[in-house]
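Undergrad: Single-letter residue listing:
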Amino acid sequence: MAAFLRFEIVRGLRNVRFVVFIAGFPVLLYLIYAKQTGTSQGLTVAAILMVSMAVWSGMGSAMFATGPQLAKERQNGWMRQLRVSPISAPRWFTAKLAQGLLLIIPGFVLLILLGFGYGHVHLAAGRVATLAAVILLGVIPFCALGLVIGLMFDGQTAQVAQMLTLLVLAFLGGIFIPYSNLPHVMQEIANVLPSYHLVQLGWNAVAGRALGVRHVLALAAWTVALGLIAVWRWRQESTTA
Amino acid sequence: MITNSKGATGPAVAFRDVVKVYHPDIKALDHVTFDIQPGETVALLGPNGAGKSTAIDTMLGLRAPTSGEVRILGGSPAAAVAAGQISGMLQNGGLPEGAKVSELIGLFRQLYRDRRSTTELLTLAGIADLADRRVEKLSGGQTQRVRFALALAGNAELLFLDEPTAALDVEARRHFWQSVDTIARQGATVLFATHYLEEADANATRIIVVNHGRVIADGTPAQIKAFTAIRTLRFGAQAPDPSELLKLPGVTDVVVNGDAVTVRTSDADDTLPALYALGPQIKSMEVGGGGLEEALIALTTADNGPVTEGVA
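Here the protein sequences line up with chains A and B, keeping their order. Residues in the first sequence are numbered from 1 upward in steps of one, following the working numbering. Residues in the second sequence are numbered from 1 upward in steps of one, following the working numbering.
Hints in this document: simulated from the structure, not taken from any laboratory. Positions of the beta carbon are idealized from the N, C-alpha and C atoms, including for glycine. Mixed in with the good hints there might be a few duds.
Said to hold, decoys possible - Only pairs whose alpha carbons sit at most 27 angstroms apart, straight line, appear in this in silico BS3-like list of lysine-lysine: (1) B/K247 - B/K225; (2) A/K72 - B/K100; (3) A/K72 - B/K247; (4) B/K137 - B/K100.
Claimed, not checked - Now the in silico label distances, taken between C-beta atoms and shown as ranges: (5) B/V19 - A/E237: 20 to 26 angstroms; (6) A/P106 - B/R214: 36 to 42 angstroms; (7) A/E237 - B/P249: 25 to 31 angstroms; (8) B/E69 - A/P106: 36 to 42 angstroms; (9) B/T123 - A/L13: 40 to 46 angstroms; (10) A/M186 - B/A82: 36 to 42 angstroms; (11) B/S139 - A/G208: 44 to 50 angstroms.
Please model the entire structure based on the sequences and the hints provided.
TA: Next comes the structure, spelled out in structure tokens:
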């Protein structure tokens, strides 16, 4: 499985669109907006935005490996080739999930460096570590979401579906627009979205507040629900094929 | 008899009364039964839609039969796949974007316990010059050769190749069959699907002809080629009667389209005098045929029913 994981990561990092997406886009936004002055709930704009962009980048990387890439490989026959090789489906899925998790690292590191260097964010090492752990564990439901998209849609459609899902999650989850600025109805929607809970966890980690059991439970529930859908869809496909 | 890895003697493939139904009206496999012995190189020959790919997918465990039994090296297809005893080159298999050929081969070698050396793989597949190439830069034929290398990465006892030369040019095709021969000499059992009749004849020790999900002939290339005595007679006649023509010696099937008649016969020397003796004014007689292509048409037409009448 280690060989498979290394293989997947190397080729993932060669995908220009993906690298621009996980690193280029959030970095650009950060450079544009981080210099705004102001604070909210004890955090500077630079710190808030560092977390938002790290969450956005993490969500995107987690969903890329499992979503559009998987959809394409289901369609072009690569997955069938893997199914007649000795790698088992559970090990292969584990590798895909691990790929999704490991690929969030470059974007995360870049944004922390930017936050410190460009945004003058000052954080104790402990808080950075908490944030890293929050994002690493918190993107697991997004890996599962990617799997669902990758197993439901075909190649190009999956790409569009992933982008739309990601944008909706980012806007409604309060990543691009602060939660408090959202209309009441939207806040109600945000309250159930995994993106909202993840970014809240991130800000809590950076501010040194209690993380919030509510957010952790919501993300766990999303992981279980999406995981079950992915397993169901996979079984359906491999038995009726 | 050659013994397989489990030390037991027995067929490499046992395909018993297998039925695969995709749709209530369509039987992709219709009670198909055959055994393949270790060491054989078998061609599964038939037109598109005959059931070749379904049969191979079933043997590789990609599809479950609706009924019947498929045993691979004495066990289930899934067990043989998991143990790396069998491998397959599927039709239309794509490769994962972003990977280099050498990385793909490295990955597949690591998936098998018993593996071929990289150098041997590159040589067998004829892709030594492509090792550093990214997969999205490969042509169709190059992709097919890389997929061949992946199928050979593990030293599998049983190799399934589904229309393996479809995208290859003449030179690549020649190299491909040389490599298959090398692997067969090393002791592997090979089953390949093709609708290239010459390919089956030149490269298999046995040919199984399938059409409409059924086995319509099974024998050595020489036996299958016996059907090449078949000739096609095309001529014009006034008000031809198909049932009369069908009674002529050697005739296997008759197609009447207005005044134009096509008769297939296994013995033209017997048929022609009888045909002229029959009386109807025969015009512009053409005798065609011979070759495996004709044999397949004859075999599959016989399978469809002997007489076809009406507007073609």
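Undergrad: Now, for every hint given, state plainly whether the structure supports it.
TA: Outcome of the hint check:
The hinted pair formed by B/K247 and B/K225 meets the criterion: a straight-line CA distance of about 25 angstroms does not exceed 27 angstroms. Distance restraint check for A/K72 and B/K100: the Cα-Cα separation of roughly 17 angstroms lies within the 27 angstroms cut-off, and the hinted pair is therefore satisfied. For the proposed pair A/K72 and B/K247, the alpha carbon gap of about 57 angstroms is over 27 angstroms, so the pair is violated. Taken as a hint, the B/K137 and B/K100 pair is honoured in the structure, with Cα atoms around 10 angstroms apart against an allowance of 27 angstroms.
Our hint of 20 to 26 angstroms for B/V19 and A/E237 holds, since their Cβ atoms are close to 22 angstroms apart. A C-beta distance of roughly 56 angstroms is found between A/P106 and B/R214, which places it outside the suggested range of 36 to 42 angstroms. Distance hint for A/E237 and B/P249: a CB-CB separation of about 55 angstroms, inconsistent with the stated range 25 to 31 angstroms. As the Cβ distance of B/E69 to A/P106 is approximately 51 angstroms, the hint placing it in 36 to 42 angstroms is violated.
Distance hint check for B/T123 and A/L13: the Cβ-Cβ separation is about 30 angstroms, which falls outside the suggested range of 40 to 46 angstroms. Between A/M186 and B/A82 the Cβ separation comes to about 49 angstroms, which falls outside the hinted range of 36 to 42 angstroms. The given range of 44 to 50 angstroms is broken by B/S139 and A/G208, whose C-beta atoms sit roughly 58 angstroms from each other.
The structure fails hints 3, 6, 7, 8, 9, 10, 11 (numbered hints given earlier, in ascending order).
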